[in-house]
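*Asks:* Listed below, chain by chain, are the residues.
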Amino acid sequence: MQEKVLMKGNEAIAEAAILAGCRHYFGYPITPQTEVAAYMAKRMPKIGGTFLQAESEIAAINMVYGVASTGKRAMTSSSSPGISLKTEGISYLAGADLPALIVNVQRGGPGLGGIQPSQSDYFLATRGPGHGDFHVLVFAPSSVQEMADLTSLAFDLAEKYRMPAMLLADGTMGQMMEPVVLPEPTELTREKPWAVTGTKCAREHNIINSLYLSPQELERLNIERFERYKTIEATETRWESFMMDDAEICIVSCGITARVSRNAIVEARKQGIKVGMIRPITLWPFPEKPLLEAAEKVKAFVCVELNMGQMIQDVELAIKCRKPVSLCSRVGGMIPSPEEVLAAIKQANE
Amino acid sequence: MADFEIVIAGFGGQGLLFTGKVLAYAGLLEGRELSWLPSYGPEMRGGTANCNVILSDTPVGSPIVQHPNVLMVMNAPSLDKYEADVAPGGTIFVDSSLIERKVNRDDVTVYYIPATRMAAEAGLSGLANMILLGAMIRTTGCISEDTLPDALHKVIPERKAHLFDANMKAIEAGRAEVA
Numbered sequence: 006m007q008e009k010v011l012m013k014g015n016e017a018i019a020e021a022a023i024l025a026g027c028r029h030y031f032g033y034p035i036t037p038q039t040e041v042a043a044y045m046a047k048r049m050p051k052i053g054g055t056f057l058q059a060e061s062e063i064a065a066i067n068m069v070y071g072v073a074s075t076g077k078r079a080m081t082s083s084s085s086p087g088i089s090l091k092t093e094g095i096s097y098l099a100g101a102d103l104p105a106l107i108v109n110v111q112r113g114g115p116g117l118g119g120i121q122p123s124q125s126d127y128f129l130a131t132r133g134p135g136h137g138d139f140h141v142l143v144f145a146p147s148s149v150q151e152m153a154d155l156t157s158l159a160f161d162l163a164e165k166y167r168m169p170a171m172l173l174a175d176g177t178m179g180q181m182m183e184p185v186v187l188p189e190p191t192e193l194t195r196e197k198p199w200a201v202t203g204t205k206c207a208r209e210h211n212i213i214n215s216l217y218l219s220p221q222e223l224e225r226l227n228i229e230r231f232e233r234y235k236t237i238e239a240t241e242t243r244w245e246s247f248m249m250d251d252a253e254i255c256i257v258s259c260g261i262t263a264r265v266s267r268n269a270i271v272e273a274r275k276q277g278i279k280v281g282m283i284r285p286i287t288l289w290p291f292p293e294k295p296l297l298e299a300a301e302k303v304k305a306f307v308c309v310e311l312n313m314g315q316m317i318q319d320v321e322l323a324i325k326c327r328k329p330v331s332l333c334s335r336v337g338g339m340i341p342s343p344e345e346v347l348a349a350i351k352q353a354n355e
Numbered sequence: 037m038a039d040f041e042i043v044i045a046g047f048g049g050q051g052l053l054f055t056g057k058v059l060a061y062a063g064l065l066e067g068r069e070l071s072w073l074p075s076y077g078p079e080m081r082g083g084t085a086n087c088n089v090i091l092s093d094t095p096v097g098s099p100i101v102q103h104p105n106v107l108m109v110m111n112a113p114s115l116d117k118y119e120a121d122v123a124p125g126g127t128i129f130v131d132s133s134l135i136e137r138k139v140n141r142d143d144v145t146v147y148y149i150p151a152t153r154m155a156a157e158a159g160l161s162g163l164a165n166m167i168l169l170g171a172m173i174r175t176t177g178c179i180s181e182d183t184l185p186d187a188l189h190k191v192i193p194e195r196k197a198h199l200f201d202a203n204m205k206a207i208e209a210g211r212a213e214v215a
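Protein chains in written order, with this note's numbering: chain A, 6 to 355; chain B, 37 to 215.
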């Protein structure tokens, strides 16, 4: 086992990506994720990898497309405004069924917005970040340990299902340091018969492409892709339950706000309020099942997030609006205090 | 051991994040739960910079310190900003060579230490943060004095390893000031 070390969330992503066998990083600096690129710039040349600071976010994501086509693990990272620029490339990756990791350490928006933490790219990430009908796997780390573990998992599942994955973190997760045990190095053994690696005159050409001018063929590919999504929804949904056994109020929150909510739950429990939390770890696929089950038991849900109310829509859909769902949120880089979350819990409990 | 929720604040360049890192590494070496969260962004240029450190025996929830029980301040705006947040019974360490006013609370313990002047006079300029840290560790026991040197070795980059002794000397001076 690796020893416990102290790392920033952004550095943990970078090191975990290297341990997961990623040797190609393409990026462009933007606060609050620049440490990912800085770490890669230092490490990649020493291990025979490629670090490239592209001329733009768009160039970086298209370089990822190029490497991914060859079956190698590739990634890029950015923060919200930069991710907007990458969406064209992400759509192309999805259209070409290519695995890749895109890290989004979110900051407040819209526009250039601010540089402080946010979760306002929830819709962008979970509805398919780009044009066309598609999803990407979306992971929401809530600790530096998960920044590392989910990076590893994201690479693996992206490859398994041949689709892009997004690590959707926020500025706090990126900047904070916590003890972390890095994952063991991944042995890359998966066969990739689709990759463009040169035929060596021994096989038919592989073609990586997202242009299909035949409506019949394009429809078929879309339907096939969504069949795959059904499997993923059934088998790859991840969440964590916290103090839900006897809970009458259920908080739903991910990332930094789940950490704040934890403090509020501990305090509420001291005051005799039965509250727990379902923390989605995957945002797509969304943990609908545990939420619907919770709806049978609790009297209300409180969604705590750093946006004007985005995940709350998925919660309402998941529980088929069977119980009231209230929103506790701050935006623009502000983060609710445990006291604010506690007040929302008390209001829901009335 | 009680939880320590620590805010270290002042101007960018005073070694505030570094000070927090020493505490965080000591916590790691002691096998405790911890988090270290820096301020980042424009406030580092000229305004106040700060870092939040939590040391605990149970998993850390929010890494954001709302009510520090230990506050270390190295400029007046930081004292203005955080004074009211300090938990009753908490401890405040004031660099009294940079902050003229007194703390307006009677439910906290305050140590006024002219750290920046002391550092300059002892030929340890730039190490006022370590003087305050020495005083903090001695009076609050937030980390063990035994793990401190190892933590410091971890935080000082290799190219600055020769500064270890000066850092320890500053910490000693801080300890002596509150002995």
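Source of the hints: derived by calculation from the structure; they are not laboratory data. Among the hints, erroneous ones may be present.
Heads up, simulated SDA-like pairs for lysine to any residue below, C-alpha to C-alpha not over 20 Å straight-line [what the hints assert, rightly or not]:
(1) A:Lys9 to B:Lys138
(2) A:Lys77 to A:Leu90
(3) A:Lys275 to B:Gly162
(4) A:Lys77 to A:Thr39
(5) A:Lys9 to B:Ile192
(6) A:Lys197 to A:Val186
(7) B:Lys190 to A:Lys275
(8) B:Lys196 to B:Thr175
(9) A:Lys279 to B:Gly97
(10) A:Lys47 to B:Arg195
(11) B:Lys138 to B:Asn111
(12) A:Lys9 to B:Lys117
(13) A:Lys9 to B:Gly67
(14) A:Lys302 to A:Met339
(15) A:Lys9 to B:Gly97
(16) A:Lys47 to B:Lys117
(17) B:Lys117 to A:Lys77
(18) A:Lys9 to A:Pro50
(19) A:Lys9 to B:Val191
(20) B:Lys190 to A:Asn211
(21) A:Lys197 to A:Asn211
(22) A:Lys47 to B:Lys190
(23) A:Lys165 to A:Ala64
The calculated label-pair distances, taken between Cβ atoms and stated as ranges, are [what the hints assert, rightly or not]:
(24) B:His189 to A:Gly54: 52 to 62 Å
(25) B:Gly49 to A:Leu117: 21 to 31 Å
(26) A:Lys302 to B:Glu66: 38 to 48 Å
(27) A:Gly116 to B:Glu208: 44 to 54 Å
(28) B:Pro193 to A:Lys302: 28 to 38 Å
(29) A:Ala43 to B:Glu208: 26 to 36 Å
(30) A:Arg132 to B:Phe200: 21 to 31 Å
Every residue, glycine too, gets a C-beta built ideally from N, C-alpha and C.
*Asks:* Hints first: check each against the structure and report whether it holds.
*Replies:* Quick rundown of the hints versus the structure:
1. A:Lys9 to B:Lys138: Given pair A:Lys9, B:Lys138 is violated - Cα atoms ~42 Å apart, limit 20 Å.
2. A:Lys77 to A:Leu90: violated, 23 Å
3. A:Lys275 to B:Gly162: violated, 45 Å
4. A:Lys77 to A:Thr39: violated, 23 Å
5. A:Lys9 to B:Ile192: holds, 19 Å
6. A:Lys197 to A:Val186: Given pair A:Lys197, A:Val186 is violated - Cα atoms ~30 Å apart, limit 20 Å.
7. B:Lys190 to A:Lys275: Measuring from Cα to Cα gives roughly 39 Å; hence the hint is violated.
8. B:Lys196 to B:Thr175: violated, 28 Å
9. A:Lys279 to B:Gly97: holds, 18 Å
10. A:Lys47 to B:Arg195: holds, 16 Å
11. B:Lys138 to B:Asn111: holds, 12 Å
12. A:Lys9 to B:Lys117: At roughly 35 Å apart (the allowed maximum being 20 Å), B:Lys117 and A:Lys9 break the hint.
13. A:Lys9 to B:Gly67: holds, 9 Å
14. A:Lys302 to A:Met339: Not OK: A:Lys302 and A:Met339 at ~32 Å, beyond 20 Å, violated.
15. A:Lys9 to B:Gly97: holds, 19 Å
16. A:Lys47 to B:Lys117: violated, 37 Å
17. B:Lys117 to A:Lys77: violated, 50 Å
18. A:Lys9 to A:Pro50: Answer violated: A:Lys9 to A:Pro50 is near 25 Å, above 20 Å.
19. A:Lys9 to B:Val191: holds, 15 Å
20. B:Lys190 to A:Asn211: violated, 50 Å
21. A:Lys197 to A:Asn211: holds, 11 Å
22. A:Lys47 to B:Lys190: Cα-Cα ~19 Å, so holds.
23. A:Lys165 to A:Ala64: violated, 26 Å
24. B:His189 to A:Gly54: 52 to 62 Å: Given a distance of about 29 Å, which is not inside 52 to 62 Å, the answer is violated.
25. B:Gly49 to A:Leu117: 21 to 31 Å: holds, 27 Å
26. A:Lys302 to B:Glu66: 38 to 48 Å: At roughly 40 Å between Cβ atoms, B:Glu66 and A:Lys302 fall inside 38 to 48 Å, so the hint holds.
27. A:Gly116 to B:Glu208: 44 to 54 Å: 51 Å Cβ-Cβ, so the 44 to 54 Å window holds.
28. B:Pro193 to A:Lys302: 28 to 38 Å: Given a distance of about 53 Å, which is not inside 28 to 38 Å, the answer is violated.
29. A:Ala43 to B:Glu208: 26 to 36 Å: holds, 34 Å
30. A:Arg132 to B:Phe200: 21 to 31 Å: violated, 53 Å
Against the hints set out earlier in the document, violations occur for numbers 1, 2, 3, 4, 6, 7, 8, 12, 14, 16, 17, 18, 20, 23, 24, 28, 30.
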